[in-house]
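For the sequence shown, UniProt numbering begins at 1 and goes up steadily by one.
Derived by calculation from the structure, the hints in this document are not laboratory data.
Bear in mind that the values here come from a model prediction, so they are computed numbers and not experimental data.
One should not assume that every hint holds.
When the alpha-carbon atoms are kept at most 27 Å apart in a straight line, the in silico DSS-like pairs for lysine-lysine are as follows [stated by the list, open to error]:
#1 K72 - K36
#2 K60 - K76
#3 K45 - K114
#4 K30 - K5
#5 K58 - K5
#6 K36 - K166
#7 K166 - K123
#8 K45 - K15
#9 K72 - K5
#10 K3 - K76
#11 K5 - K15
#12 K3 - K30
Label pairs and their calculated CB-CB ranges [unchecked claim]:
#13 R6 - K160: 13 to 21 Å
#14 K45 - Q161: 47 to 55 Å
#15 S119 - R6: 23 to 31 Å
#16 A170 - E2: 26 to 34 Å
#17 F53 - A170: 42 to 50 Å
#18 G18 - T154: 17 to 25 Å
#19 T61 - Q111: 19 to 27 Å
#20 N69 - V149: 33 to 41 Å
Beta carbons are placed, not taken as given, at the ideal position from N, Cα and C, and that holds for glycine.
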Amino acid sequence: MEKSKRDSLLEQIMKEYGDELVRLAYSYVKDVDIAKDITQNAFVKCYQKLDSFRGDSKMKTWLYRITINECKDHLKSWNHKKVRVMDYIQENTKSMLPSAESSVFKEAKNQEIKNIVLSLPKKYREVLYLYYYDSLNIEEVAEVTDLGVNTVKTRLRRAKQRLKIKLEEAELYGR
């Protein structure tokens, strides 16, 4: 592929997937700046390997795999206990004109839920994030994580069970 076509394609890929990949990286490293750096590295690898992309999977799945590998490499080389809490769960839908008090309570509840999700083991957080937040189907999650379909299903089920227990303990389940 000639350089101008490759540059143009990369620019299109960056516009289409950039924000998604930053959020994905953030779910691993829990730091916005590091997530942006990892995403940039993933795009560099994408550019370098663009000719080797065979199209066996979707471009999105391939980019997710590159980004996850970059995140894992980063976590292996960095003391990840020092990173901050990620913010990958969207806020609950707010009423049209919430009172200041209800806004404060909702924000506190959202933060509690985020902390509970973050307390789950990484193997469960990973599949929850990809399946629910990024709306990947089971097969895509399996491909991105290099896991079997049945393993993904089992991890999702166990993650939901653990999440339900922790939410019940925190008296947040069904509130």
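ask   = Which numbered hints does this structure break?
value = Per hint list: 3, 4, 6, 9, 10, 12, 13, 14, 15, 16, 18, 19 and 20 violated.
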